[in-house]
Structure formats: C-alpha cells, structure tokens
Amino acid sequence: MRYRNGSGLVALAIGLVVAFPAVAQNYPGSNINFIVPYPPGGGTDIPARIVVDKLMEQTGWNVVVLNQPGAGGTIGLDQLARSNPDGLTIGMAQTSNLAVNPALNPEVNYDPLTDFTLLGLVTTQPMGIVTHNGSPFETFQDFIDEVRENPGSVLFGTPGTGTVAHMSIERLAVQGDLELEHVPYTGIAQAISDVMAGVVDIYIGSVPSVLPHVTSGSLRALAVTSAQPDPLLPDVPTVASFGFEGYESSDWKALVGPAGMPEDVLASLNAAIAAAMSDPELRSLLEAQGSTVLSGDPEEFAAFLPSEVQTWAEVVDAIDIQID
Amino acid sequence: MHKIDPDLISGMLVALFGLIVAIYAFNHYPMGTLRRMGPGMFPVGLGGLISCLGGALALSALFRRGHVAIPFRFESRTAVLVIVSVAAFALLIRSAGLVPAVIAVVSLSAFADKAATLRSTLVLAVALCALAYVLFRLALGLNLPLLIWPGA
Amino acid sequence: MTYFDNIILGLETALSLSNLWWCFVGVFLGTLLGVIPGIGVLAAISMLFPLTFQLDATAALIMLAGIWYGTTYGGSTAAILLNVPGAPANAITALDGYPMSQQGRAGVALFMTTIASFFGGSVGIILLMTFSGVISSAALQFSSAEYFALMLLGLVAASNISNGSMLKGLIMVCLGVLFGIVGSDIYTGMRRFTFGVVELADGIALIALAMGLFGVAEVIASVGKVDVAKLDPKSLSFAAMKPSRSEMRRSWLPMIRGSAVGSFFGTLPGTGPSIAAFMAYAVEKRSSKTPERFGKGAIEGIMAPESANNAADQTSFIPTLALGIPGSATMALMLGALMIHGIAPGPQLMTEQPSLFWGLVMSFWIGNILLLVLNIPLIGLWVRLLQVPYQWLFPAVLMFVCIGTYSVNNSWFDVVLVALFGGLGYTLRTLGFPAAPMLLGFVLGPMMEEHFRRAMLLGRGDPATFIERPISLVVLLVTLALLLWGVRPLFSRHKPASR
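Chains as they are written, first to last, in this note's numbering: chain S, 1 to 324; chain W, 325 to 476; chain X, 477 to 975.
Mixed in with the good hints, there may be bad ones.
[Unchecked claim] Dumping the calculated SDA-like pairs for lysine to any residue here, alpha-carbon to alpha-carbon at most 25 angstroms:
(1) Lys438(W) <-> Gln863(X)
(2) Lys438(W) <-> Lys772(X)
(3) Lys701(X) <-> Gln863(X)
(4) Lys701(X) <-> Leu446(W)
(5) Lys438(W) <-> Gln578(X)
(6) Lys765(X) <-> Lys701(X)
(7) Lys701(X) <-> Ala451(W)
(8) Lys701(X) <-> Leu405(W)
(9) Lys701(X) <-> Cys376(W)
(10) Lys438(W) <-> Thr906(X)
(11) Lys772(X) <-> Pro830(X)
(12) Lys772(X) <-> Leu405(W)
(13) Lys701(X) <-> Leu415(W)
(14) Lys772(X) <-> Trp858(X)
(15) Lys765(X) <-> Leu643(X)
(16) Lys438(W) <-> Leu508(X)
(17) Lys772(X) <-> Phe398(W)
(18) Lys772(X) <-> Glu944(X)
(19) Lys438(W) <-> Leu869(X)
(20) Lys718(X) <-> Leu508(X)
(21) Lys701(X) <-> Phe398(W)
(22) Lys772(X) <-> Arg725(X)
(23) Lys438(W) <-> Phe398(W)
[As the list claims (entries may be wrong)] One-sided and incomplete, this derived list gives chain S residues near chain X with beta-carbon spacing under 7 angstroms:
(24) Pro40
(25) Arg49
(26) Ala197
(27) Gln289
(28) Val293
[Said to hold, decoys possible] Chain S is faced by these chain X residues, among others (derived, beta-carbon under 8 angstroms):
(29) Ala677
(30) Met815
(31) Ile816
(32) Pro821
These are computed hints drawn from the structure, not numbers from a lab. Glycine is no exception: its CB is placed at the ideal position from the N, C-alpha and C atoms.
Just chain S, with the same shape it has in the complex (with noise of 0.2 angstroms):
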C-alpha cells in the first residue's frame, strides 16, 4: 500500500484534540504539498501554479507544488482524498477528474461530494464551437438543422474521448435528440488543424484553444458553452440561446483538500484563498490565461458541486459510455 492510512487517523486524532485556535497561528508549520493531478505544463497546472505563487508571496506559506498525473487526473486526485486531513496536503481538481470521472469510470474510487474538503472555485472557462471560414455553417442554427436533417452527417471533431468538450458534446446531442459522428483527437494541434482544414466540419474545443483561429478569421465560432455569452468572445451567442434550455457546461479548476480537515486549519486557508482570489495581479494573470475568474468561496464551490455531478451523472447514464 502507498497510503499510510493508519497514521492518517494518528494524525487526525491529534488534529482533534488539539483544535485550538493557538495552533492555527501554527500552521501550517512545515511545507503544504499541493498536488496537480496533471501533468506539469497543462491547462490545469498553470493555474494552479499561478495560485500557488500567490498565496507563497502573501502568507510566507512554503507551498510545494507535487504533479501526480495519470489516468485522467484521477490518481492524484485519488491519492489528494485520502492523505492526511492536516492541511497540510491540498490540490487543484477540475471538471474533468472531480465531476465527470467518478461517474463515467468504475475505477474511481472517491467520491466527489464526501470525501473532499471544498475550498473554493477559482477559475471556469466555457467551451467554444466552431467551424473553417469556409462552411456553410453561418451560425450555430444552420448546423442544428442540417443535423436534423441528414442525421449523422456531421463530423464533430473533440480534444479527445471523455474530455469535458466531448462530454459537453454528448451532453448536447442528449438535450437536442442529435445525431453526431464523432471524431475524438489527441490534444489539439492534430484537432484545429484538421477543422481549419475542413477535414472535420465542428470541433470543440477551450475558448482560448480555438480564440487565435477565431481572431485571424480561419476559424468561425457558432456559439459557445457558458450561459451568459464569454467576455473573450462577446458576440458568439450561446447553445442555451438555440433552444438548448439550460444547457451549460464549463470547465473549471477548484481547490480541494481531503474531508475532514479541522476547523482552524481551514478558517487559516479559506482566509488565505479568499486574499489570494481577490488580488489584482492574480486575476489579471489567470485572465491572461482565458479563463473567469471566481471568488474562491468556499460556499459557493459547496453549492454548485452537487448539482454538476448530478448532471454529468445524468449524461453519463444517457449515452450509454462506460471507460473501464
């Protein structure tokens, strides 16, 4: 066994018994892991490295940024839920491995709504559809209708077999009743350039992924995934907007600690998030980045989670797609 769960529950007893507020002035005493459960370098890394600086710079924190990568962000986020509840072991999850996995793969052992502490959200990015400039696609509607028409006639092009833009995808030809041919690639050189080149007809991809493209004219964006349309691309109206009553999806990053963290221990972080979350430099860095930033408040975390994994569950369930 990699997990020393016997001295957990050691840990845990002593963090108890010694909940005083005096010890919260301890922490966090020694160095806090932070695990990226994601290769160094991803979409999910740079946030959380930008985060991590943050809070560095304004508590004097000695915060150690540990990438686990592995199937699907699920190993280290996995090992995140059941290390030590000191506060001392915190991580970066998303909408991928915290929402959609434990409820596409039978492998994941944790469960999403008890066995995390919620810090709080930090960032969402909706999704973008596009096509190649050359289309006939004028607008989201014309895609919708030719679907209709000639079912399985589109070729729709993702980031890869159970990413969020695939999900989302699903998602919307469950809500819609539509029939997709679906074209998953690996990342998204291979994916962008084949939409740019018509190989493909839609693709969907992260807002600032596919935003150059849109920007230079090769690519022609249909709408985007996000309820109120994306400040990066304001005129692109959303799928809600076709019809699509409710339809949202996003991705976003999130803070998490294993459940069960003492209350001192928490107050001292929530307070160091909630500082870190509305610094000027921070924002404007992980806006650079394409994303909406968010309060990083840890109620507001509590209160949507449940409702996305309900949601992707439903998906799931719906499309009959089972990774095992």
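Since the structure of chain S is already known, use the hints to place chains W and X on it.
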C-alpha cells in the same frame, strides 16, 4: 552435447505470445466495423502478425545449418541484482525518501560486480547520496523528500 | 518593415543584457539536464515556469526555449560514453556513438555531434526565419491519412535500423507497438492490456521503456565486462577531438540529410525530435553504400540523428509561433508562458509582436553558439568520465536513471517498469534481438493506429481515402518502392551469413 538453436525456442515463444495477445484481445475488446473500428481490431491483427513473425523465426532456425551465434551469455546474478536494486528504489522512494532509496539502488547493484567490497560500496553509497542531494535538490530544485520517518 | 529590419530588431532584442543572461541560463540548464539520463525537459521547464511570471514575455520564452534545445545537445553525451541515452531522442545516437567511444574515439564523437547539433539547429532556425508561413500552411495539408502513410513509411524504412536478422528487428518493432497501445483506447476510452493497474491507464511512459531497454539492460550487459577504457592521456587533448579527413568528408551529406529529415518531422504536430532522429538514421543507413558499417562506429550514424533532432527542436516552433498550434506538451507550455503575459499566440503573432518573434528567433542563434562554446570545452571533462572504473560508474548511472525516471511523472510505478523493461531488454539482447526497433515501434505504433482509425472514420469507412489524397498516395508509393527495394537482395543473391 546437442544444443537446441535458441532462435527456435525464442521464435516459438514469440509465436505463442502473439497468439495469446490476439486471443485475449479478441475475447475482451470489441472489434467494431471498418468505419468505426473498435479497440480490438488493431491488437488482434498485431497479435496475429507477431505470431507469424515468431513462427517464421522458428522455421528459419529449423532449416538452417548450424546455430546462430549468441552474442553473450545470460548473467543471471548480475541481472537479478541490478533489477532488484531498481525495484528497491521504486518501493522506497515514496515510503522512505530519497536517501534510503539511493542507498538501496547503489548498494544492491554494486554487488553485481564481484569486485565490490562492503567498504567500497558504503563509500560509494554515501558519496552518491551527497551527489543526488546537491544535484537534484539544490541545483535542480526537485521536490524529493530526503528521508521520511515511518509513521510520520 | 523589411526582412532585414526585422533581423536587426531581433538581434537588438536578443542581445540585450538580460535576454542574453536568460538565454545562457536556459541553455546551461538544458545541457545539464540533457547529460543526466532520464530527467525530462518538460519537468524542468515546468519547474521554472513560475519564474517566468516575473520576467517579460520575451525573456521568459528565450529561457524556456533554451532549455528545450539545450537538452538535445547534452543528450548525446551519455549515449556516446555509456550507451545510456540522456533522452529518448538520443537513443539512436548510441548505436554508433558508443562503438566509437569503445574504439577510443569518444572525443571525436562528442565533438562531431556538437557540430551536427549546431548545424541541424542552424538549418532549423533558417527555415523558421524564412519559410514559417509556407511550411505551416503545408503542414495543414497533413491529415490522418497522410500521417498514417508517413508512419508506415517510417516503420518500413527503419526495419533494418539494427544489424542482424531483419526478422528479429520486425518482431521487436511489433512488440514495441504492442507496448505502445497499452492504456486507454483513444476512441472508446476502453483500457487495453492494463490488467486493472490504474497506473497503466495512460499507457506505458516512454521514459520508462527507454531507460529500461537502454539504460538498465546496458548496465547488466556491461557489469564485469567493461574495464576502464584504454585511455591514453593523448586522447584527452584537443587534437584527439579532431576528426580525420575522411570522417569530415563522410559527415557533410548525413548532416544535410539529417537536418532536412529533422526539419520536416519537427513541423508536424505530434511527431518530434525522437521520431526525427530515428528517421534520419534509417534514411542514412538506407542511402549508404556501406550499410554494414552502421552500428560499428560509423560517423554517419551519429551525424544524421543528432542534426535531425536539433533541427526538429527548432522547426517545432514553426506551427507553435506561426499558427498558434502547439505540436507537443512542451510547446503548449511555451504558449502558456506567452498567454500569461497577455500575448495571444496565433497567426498574427509575427506581425503584432515583431520584437518578441524576431528576438526569440535570433536568441536561438545566440543559444546555439553558446551551446557550441559551452560544450566543446566540456568534452575533455566528459571523456575523463571513462576513466572512472565501471564498478563505481554503473551504480551512479542506475541512480540517475531511477531518479530521472521518477521525477518525470512522480511515479514509483514508472521505476518498476524500468526494472521490468531492463530485465526484458537484457534477456532479448542475449537472444540477439535488437532494442532500437522496439523503441521505434513504441513511438510510431500507437500513432499509426490512431491515424489509421481516424482516417477510416473521416473517410466514412472507405479505405480508398488513402489513395485519393495525393500526399498520402505519394508517400504510400514511396513506401512500396522502399519495400520492394528492401526485399530485392533476397531474390538476387544470398544474404550474408548472420554474424
């Protein structure tokens, strides 16, 4: 002593392995259609190909005069010690930290060379621990705990 | 602004004191990381990533890029001296570099690979400076049918990459492909051959396979057999690094061909320096009049791959900078560094940020010159490494392999795989199976499957898609020609007896 051509044995083993791969893939992964191929199609074909190549190797050994020269002998003592030393590192790096893991890989593997003595091995282990510390922790700033006390 | 003005602007930017300093930091760290087996460039870049928040965008990119191409310079050192590649992209260099070292020509090999690296890097930079636009729009023509055809060409071209039985080489290619497809299926997410091991869900790590197959297997094979290299003090002198006249003569064409092959593969998303190096070696061996010298210390066998992987390093910036399409995780990180500074990557980058684009490109020249200056004096030092008794050296090599592999993914399981592949690699080696084709199959195989299946999906199930697309058709015809040419000796004359 009459020796069997090693190519005959390895060819047959490879052929058997390929067959197992193909059968396993066929039984476990859907084949799909030509348009939307399933996860099984490629491994089944690959297993079959491996099997054929292995068979060809075995046959070529059968119909060959003399034996193919083996480049060198299998040194089981060296192989076992080196492999175990690497595996020991893998098991210790998480649970015990960098220093015990380095000591394990260095001291176990050092005995693969018959000339190694206890003293020389210890000196080497200590020196390499220091080198690992300076290079990986100080110079490259890797986040590797030096020593994790059990139960801590 | 004219082209010339751009170059001047770039030079001014790159030669500013702070940019010069960060360029040096980048290439120095890169070389160091390259020499150490296992440590990945991606890990190094991401560790330094937070540092770039404080730098301006140009300096940040200059440093990160310096690490990227610096690694490939240093990676050949361990491959030549110890037969343990510093990075997978240098594995192929060991095939001829290590024999050269055993023949007492380590100095020459290290010197010439540095020259080849510089040459390949320079060709890549020139292409980046002149043909970015053309090349990136040409790369857009490549879809899955073309990629499949290319991968097939690669496997056929490389089937004789190692000496000895072609049948055994093919078996190793196929076994490599099999190891390559372990993990989640790209199309359905179904896990193949993982046997319930969660760590295998993302597949076998390239670094684990490469370090096991080349690092650990090599150590096992050498323990007790390698003595202190017969190294006379003369071989450490500067004169000993000088290649002979005939070696110089035989190095030019491989360098040019290697740079061409490398530049091509660098621009294609998904492929990279490793594939470039393999292909360059295969092309060189195919086109050589004396292919039997390969694997025994032929200088062509180190010049071609080392110029190819460095050229690929530079040209991989073409799709990244000219189109905003990052071809690899490392390139995605570079774009991340740009976005942090509020610069949108994309086709407009060259015109909107001329000082950044040209400053970066000109810094590549400076970085490559720095690497040349940095590496040549170090050769003497590296060669002295051979004087360390092997019984002291190999535990250190194993330690580096372990720590390096571990640090790439922070995965103890990857180190277990190193041990397993070490055992497998050694066993196969004693039976006369060559290791290099397995690595090639491992890299190319999964891409071949991915592109074949996608091409069939895009072609709506009609295999004619492969011959209807002109580029794909041409590549397939070349493959066929190569295949026929390859089996020709089987019919015309008897094969030379194996070993």
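To see whether the hints hold, each was checked on the structure:
no.	hint	in the structure
1	Lys438(W) <-> Gln863(X)	19 angstroms, holds
2	Lys438(W) <-> Lys772(X)	29 angstroms, violated
3	Lys701(X) <-> Gln863(X)	15 angstroms, holds
4	Lys701(X) <-> Leu446(W)	23 angstroms, holds
5	Lys438(W) <-> Gln578(X)	23 angstroms, holds
6	Lys765(X) <-> Lys701(X)	33 angstroms, violated
7	Lys701(X) <-> Ala451(W)	24 angstroms, holds
8	Lys701(X) <-> Leu405(W)	16 angstroms, holds
9	Lys701(X) <-> Cys376(W)	36 angstroms, violated
10	Lys438(W) <-> Thr906(X)	20 angstroms, holds
11	Lys772(X) <-> Pro830(X)	47 angstroms, violated
12	Lys772(X) <-> Leu405(W)	29 angstroms, violated
13	Lys701(X) <-> Leu415(W)	29 angstroms, violated
14	Lys772(X) <-> Trp858(X)	21 angstroms, holds
15	Lys765(X) <-> Leu643(X)	22 angstroms, holds
16	Lys438(W) <-> Leu508(X)	32 angstroms, violated
17	Lys772(X) <-> Phe398(W)	22 angstroms, holds
18	Lys772(X) <-> Glu944(X)	43 angstroms, violated
19	Lys438(W) <-> Leu869(X)	14 angstroms, holds
20	Lys718(X) <-> Leu508(X)	24 angstroms, holds
21	Lys701(X) <-> Phe398(W)	13 angstroms, holds
22	Lys772(X) <-> Arg725(X)	18 angstroms, holds
23	Lys438(W) <-> Phe398(W)	16 angstroms, holds
24	Pro40	3 angstroms, holds
25	Arg49	5 angstroms, holds
26	Ala197	5 angstroms, holds
27	Gln289	6 angstroms, holds
28	Val293	14 angstroms, violated
29	Ala677	4 angstroms, holds
30	Met815	5 angstroms, holds
31	Ile816	5 angstroms, holds
32	Pro821	6 angstroms, holds
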